[in-house]
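Asks: If you read the sequences in order, they're chains W and F.
First residue of the first sequence: 412, per the numbering used here; consecutive thereafter.
First residue of the second sequence: 29, per the numbering used here; consecutive thereafter.
Among these hints, one or two may not hold up.
Here are the computed lysine-lysine pairs in the DSSO-like style, where the Cα-Cα straight-line distance is at most 30 Å [to be verified]:
id : chain 1 : residue 1 : chain 2 : residue 2
1  : F       : K84       : F       : K127
2  : F       : K64       : F       : K79
3  : F       : K96       : F       : K55
4  : W       : K420      : F       : K64
5  : F       : K92       : F       : K79
6  : F       : K55       : F       : K92
7  : F       : K55       : F       : K79
8  : W       : K420      : F       : K127
9  : F       : K66       : F       : K88
10 : F       : K66       : W       : K425
11 : F       : K84       : F       : K66
12 : W       : K420      : F       : K66
Just so you have them, the derived chain F footprint on chain W, three or more residues with Cβ under 8 Å [claimed, not checked]:
id : segment
13 : 450-464
14 : 512-521
Simulated from the structure, these hints should not be mistaken for lab results.
If you're wondering where the values come from, they're calculated on a predicted model, not measured in any experiment.
The beta carbon of each residue, even a glycine, is placed where N, CA and C say it ideally should be.
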Amino acid sequence: NAGVTQTPKFQVLKTGQSMTLQCAQDMNHEYMSWYRQDPGMGLRLIHYSVGAGITDQGEVPNGYNVSRSTTEDFPLRLLSAAPSQTSVYFCASRQGPSNQPQHFGDGTRLSIL
Amino acid sequence: SQELEQSPQSLIVQEGKNLTINCTSSKTLYGLYWYKQKYGEGLIFLMMLQKGGEEKSHEKITAKLDEKKQQSSLHITASQPSHAGIYLCGADWPLNTDKLIFGTGTRLQVFP
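Isolated chain F, as found in the complex (with noise of 0.2 Å):
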């Protein structure tokens, strides 16, 4: 969907570095989602984000929605080839009408 804005498109980390995959959208996100793909694979949940400036982290994962809900980010420290896939940002979209909607997907390489 246009309305939600995934950055980079693509990605190729070295292991062990950092990296960061941002989410943007021109309104208020009610219900932020961050999706993991594995190449030919289907959707693994990652985390839920709903209030302005919450943060959730698991395991080497951190991801975390703006003051004004516009805008969230998901950050992986020391990358692993394990890492590798799609990652979908998806979002209540507006609120209460029962659609989940999702941005277009940042590709993540990492290679040894």
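Just chain W, same shape as in the assembly (with noise of 0.2 Å):
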């Protein structure tokens, strides 16, 4: 079972340059979020999803964008890269709303310079 999947694995940018972090998962959970993990931070959530169509910003929205088009997929964009958004990127879904755990990828590891 694949479960969450999350493209590209490793990602080095320049400042200012464009780019989506993919994520989809086959279990046809309708919640979907982004997190992103910087160290002594723990995970801070970017942008969640209720379902297609519906996306919602979380604490750290600012400086990337969601959309949620299908049920399985839930892409990241940075529109114009910082360095302040180097991090370690998670998506996650989870079948319903509150108490059920949430299903992680294995994270993007984005650096930008």
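Using the hints, put the two standalone chains together into the complex.
Replies: In structure tokens, the structure reads:
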């Protein structure tokens, strides 16, 4: 079972470049989320979606866009990359609302020079 | 998230020792999750707690949620090198808004 798949696993960008981090899940989960992980900061929620066509902001949404055209896919876009966006990005999904655990992808390690 | 405080931030223990990691909130927790992350990898779900006073165990790991549902602890008995990693608590925040937020994590090292 694939679960949550993130691509790419590693990426280096220059300041100002744009990029899309891909996330796909094959569990038919309605809820999907993007987090970033920085040293000493734990996981911080960027954006999340409760179903196709519905997205909302998390704790740190600035500089990121998302869309949810299908249940399976939830891409994260960096329109103009900044060094402060250097981080490890995790995509997660869960079947329903609260009281259900999230399933995580393996992460994308992104460096902005 | 500062709304979920974890302590300690890091822990170094000798193999065979017991240890406890705490997760504290100023608000009532609805759905408390514990995850483990091996260095450089994704998060693995360990346990979920929902009710005040609830306790769950899996192998040598026990998680508890206090009666007020504002604090959870994760206890590892007779630690092994395989327990090393980052432990994160997460919570549904606030109830029914579909956001799951996390604490700052506890880095555990176990040496022989």
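Asks: Next step is simple, just say for each hint if it's right about the structure.
Replies: These are the hints, each one checked on the structure:
| no. | hint | verdict |
| --- | --- | --- |
| 1 | F:K84 to F:K127 | holds, 23 Å |
| 2 | F:K64 to F:K79 | holds, 21 Å |
| 3 | F:K96 to F:K55 | holds, 9 Å |
| 4 | W:K420 to F:K64 | holds, 20 Å |
| 5 | F:K92 to F:K79 | holds, 10 Å |
| 6 | F:K55 to F:K92 | holds, 17 Å |
| 7 | F:K55 to F:K79 | holds, 15 Å |
| 8 | W:K420 to F:K127 | holds, 25 Å |
| 9 | F:K66 to F:K88 | holds, 17 Å |
| 10 | F:K66 to W:K425 | holds, 29 Å |
| 11 | F:K84 to F:K66 | holds, 22 Å |
| 12 | W:K420 to F:K66 | holds, 16 Å |
| 13 | 450-464 | holds (count 8) |
| 14 | 512-521 | holds (count 7) |
Checked against the numbered hints listed earlier, the structure breaks none of them; every hint is satisfied.
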